[in-house]
Amino acid sequence: SQQGEEDPQALSIQEGENATMNCSYKTSINNLQWYRQNSGRGLVHLILIRSNEREKHSGRLRVTLDTSKKSSSLLITASRAADTASYFCATAVDSSNTGKLIFGQGTTLQVKP
Amino acid sequence: DTGVSQDPRHKITKRGQNVTFRCDPISEHNRLYWYRQTLGQGPEFLTYFQNEAQLEKSRLLSDRFSAERPKGSFSTLEIQRTEQGDSAMYLCASSPSGRVEDTQYFGPGTRLTVL
Chain A
217 SQQGEEDPQA LSIQEGENAT MNCSYKTSIN NLQWYRQNSG RGLVHLILIR SNEREKHSGR
277 LRVTLDTSKK SSSLLITASR AADTASYFCA TAVDSSNTGK LIFGQGTTLQ VKP
Chain B
285 DTGVSQDPRH KITKRGQNVT FRCDPISEHN RLYWYRQTLG QGPEFLTYFQ NEAQLEKSRL
345 LSDRFSAERP KGSFSTLEIQ RTEQGDSAMY LCASSPSGRV EDTQYFGPGT RLTVL
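Sequence order for the protein chains is A and B.
Add 216 to a position in the first sequence, counting from 1, and you land on the number used in this note's numbering.
Add 284 to a position in the second sequence, counting from 1, and you land on the number used in this note's numbering.
Rather than coming from a laboratory, the hints here were simulated on the basis of the structure.
Everything hinted at is true.
The calculated SDA-like cross-link candidates involving lysine to any residue, where the alpha carbons are at most 20 Å apart (straight line), are:
no.	chain 1	residue 1	chain 2	residue 2
1	A	Lys-285	A	Gln-321
2	B	Lys-295	B	Ser-371
3	A	Lys-242	B	Ser-342
4	B	Lys-341	A	Thr-314
5	A	Lys-285	A	Glu-269
6	A	Lys-286	B	Glu-385
7	A	Lys-272	B	Glu-385
8	B	Lys-355	B	Arg-306
9	A	Lys-272	A	His-261
10	B	Lys-295	A	Ser-255
11	A	Lys-272	B	Asp-386
12	A	Lys-286	B	Val-384
13	A	Lys-242	B	Gln-325
14	A	Lys-242	B	Arg-343
15	A	Lys-242	B	Glu-328
16	A	Lys-286	A	Arg-266
17	B	Lys-341	A	Val-309
18	B	Lys-341	A	Asn-313
19	B	Lys-295	B	Pro-392
20	A	Lys-242	B	Val-384
21	A	Lys-272	B	Thr-387
22	A	Lys-242	B	Glu-385
23	A	Lys-272	B	Val-384
24	A	Lys-272	A	Ala-294
25	B	Lys-295	A	Arg-257
Same shape as in the complex, but just chain B:
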């Protein structure tokens, strides 16, 4: 399977704990995006990378959130000191070059539940 993969698919954690999610984009895709989706809503943009450079972060991304793409391949999204409001589906997407008309290919998502 050469699609976008995300790990883990589900994560249950207690409030205050740190969690880290991983996204493996489609090989050779330069652009990588993170979105967050809460129940009954559409995805909301969090941040994106062009190769290893993080170029934009949404205001939704508080100081507790950090994302990296160290070698321009896989990416991680870490949430520190989780809060119940962080419960959501975290979606990763990649696109070939970042042209505005490029199709974004989404992974299956990581569903986070904060107790």
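Next up, chain A with everything else stripped away, as it sits in the complex:
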């Protein structure tokens, strides 16, 4: 079963604009991760934020985490056409030592040149 929802399901922006995607989840987590998937391909890990962290940056990516609201957001600044992809949040459940990830349904981002 899916962990939660991502919002919006689809996003279309112009190159240079910022893109914000939101993710909600249901259970207590150890960490939350964001992945990118280009059309029909495997997933690429982007960034991990631990449950005791509130914000994290990596290059043009900024992730926030609000454990009280069980939500996270991913901000991509100064978007490029190459950022066109599907973006998934995934949670590692706090009570589990398996390391298995529970993914959201994803946000499809289109960046127009």
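Let chain A serve as the given structure and place chain B on it in line with the hints.
Below, chain B alone, put in the same frame as chain A:
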């Protein structure tokens, strides 16, 4: 290329046939995961291995599914008596040690189409 590899990349089969997929993880990665992804959805966990031991199986993994990792290196996922509902992308991922904060490295996936 030292990433996770999967074979075949595409498989088309008729309903009722058996199929087997292979995953080669990154060398020396102890943990290996299988996920399934249907169109428009995020991946769903199927099972995972710590070395050669299969430690958890999702309820999604019916009796028709079996996975092995015989020597703690590559893994196979077999689906017997395939059904149209099995059509999906099957993704394999590996991680160094299985710590909950480890990054999982995904392969390109095997896309299965059951006619």
